[in-house]
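Throughout the sequence shown, residue numbering follows our numbering, covering 119 to 483 in sequence.
Hints may be right or wrong, so weigh each one.
[Unchecked claim] With a straight-line Cα cutoff of 30 Å, these simulated DSS-like cross-link-like pairs (lysine-lysine) come out: (1) K170 with K185; (2) K202 with K170; (3) K202 with K185.
[As the list claims (entries may be wrong)] Computed spacing ranges between beta-carbons, pair by pair: (4) N373 with L353: 24 to 34 Å; (5) I392 with R320: 18 to 28 Å; (6) R381 with V467: 32 to 42 Å; (7) F321 with P229: 52 to 62 Å; (8) A191 with L353: 31 to 41 Å; (9) A191 with S362: 52 to 62 Å.
Keep in mind that the hints were calculated from the coordinates and are not lab data. Quick caveat, the model's predicted, so the values are computed rather than measured. The beta-carbon is built from N, C-alpha and C at its ideal position, and this holds for glycine as well.
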Amino acid sequence: MFKLTPITRRRLRAFAHNRRGYWSLWLFLLAFIVSLGAEFIANDRPILAWYKGEVLFPAVRDYPEEKFGGFLAETDYRDPVISKEIEANGWMIWPPIRYSYNTHNLSLPTPAPAAPTWMLTDAQCVHGKTFGGGPAQNCRDIEWNWLGTDDQGRDVVARLIYGFRISVLFGLLLASISSVVGVAAGAVQGYFGGWTDLLMQRFIEVWSSLPSLYLLIILSAIVTPSFFVLLGILLAFSWVNLVSVVRAEFLRARNFDYVRAARALGLSNSKIMIKHVLPNAMTATLTFLPFILSASITTLTSLDFLGFGLPPGSPSLGELLLQGKSNLQAPWLGLSGFAVIAVTLSLLVFIGEALRDAYDPRKGL
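Just need the whole structure built from these sequences, with the hints factored in.
The following block contains the structure:
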């Protein structure tokens with residue numbers, strides 16, 4: 119059975135004692151877990167449908183339109199003809215938001231980018247159309263866009279949910295992989311020292327002095343940008359962040375008595391590094407992870423804002439900020455994107471501060 123060591127319990131208590139960091143962790147985890155089920159919160163497909171005695175799952179599976187009496191390869195469940203056909207022979211359960219990140223609302227009461235529905239007057243809504251295609255009598259009769267739409271008629275709330283998910287997933291992957299590579303490189307440098315440390319340190323100094331932002335822009339212009347292409351390009355420059363910290367820990371610990379004793383007992387260098395030295399070096403590494411994650415999210419947002427990030431049409435917080443800059447008459451675009459990014463980065467910084475204090479032996483409860 120797994121048991122916590124006394125020092126681990128002390129660190130957990132210290133982390134929980136920092137109420138700002140503690141609640142920031144739970145809020146961030148809650149938002150991330152909710153965003154993982156974005157297809158069940160914001161989607162232009164029903165979550166569950168019952169049609170002619172058959173249970174269907176349109177949110178996770180594609181059904182051809184011919185199944186519902188049509189002829190297209192893909193079913194548009196927002197089509198009044200299809201929706202009436204299904205409701206006549208069964209029922210549908212829709213998500214709270216009937217838009218996906220790429221759904222174009224063709225029944226806007228005002229030209230795109232349309233303001234949030236709660237900001238519109240009944241005089242403006244009467245020119246719009248309801249979900250069934252008929253004219254709306256007031257704002258209650260139309261599908262609501264709680265934070266309005268962008269300049270292509272796509273729901274802002276849906277794009278925020280999907281954009282937050284892809285940003286956090288990208289940041290987690292980038293921070294995790296770069297941390298593994300950086301810890302491995304720093305461990306080899308610090309443990310072996312000598313020419314190994316000297317040559318690797320000179321290489322890292324040259325590599326980190328390269329103008330990474332310009333190289334990212336050039337590579338993004340040459341290679342078709344995608345999620346994993348951007349991940350690989352950013353990984354080539356972000357792994358050096360932890361090298362210096364881990365290298366210093368290994369340089370300090372490689373001549374300690376317990377390391378010499380392990381070497382005298384015949385343990386291999388790899389076992390000594392992993393079992394004896396690495397746990398001590400991970401203390402400083404873990405305190406940096408939230409800050410590395412926030413930097414990764416900021417980098418992806420910046421590239422999307424500059425137009426060198428994810429492919430066009432992808433849900434992106436940076437692209438939403440760019441739309442806000444291009445459409446100053448629609449302040450809900452920039453303010454929505456800024457609010458999500460600011461809250462996300464603030465939560466990560468608070469978590470990082472709490473971790474730093476929890477691992478600091480000089481700070482008591």
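Here is what the structure says about each hint:
no. : hint                       : result
1   : K170 with K185             : holds, 10 Å
2   : K202 with K170             : holds, 13 Å
3   : K202 with K185             : holds, 14 Å
4   : N373 with L353: 24 to 34 Å : holds, 33 Å
5   : I392 with R320: 18 to 28 Å : holds, 26 Å
6   : R381 with V467: 32 to 42 Å : holds, 40 Å
7   : F321 with P229: 52 to 62 Å : holds, 55 Å
8   : A191 with L353: 31 to 41 Å : holds, 37 Å
9   : A191 with S362: 52 to 62 Å : holds, 54 Å
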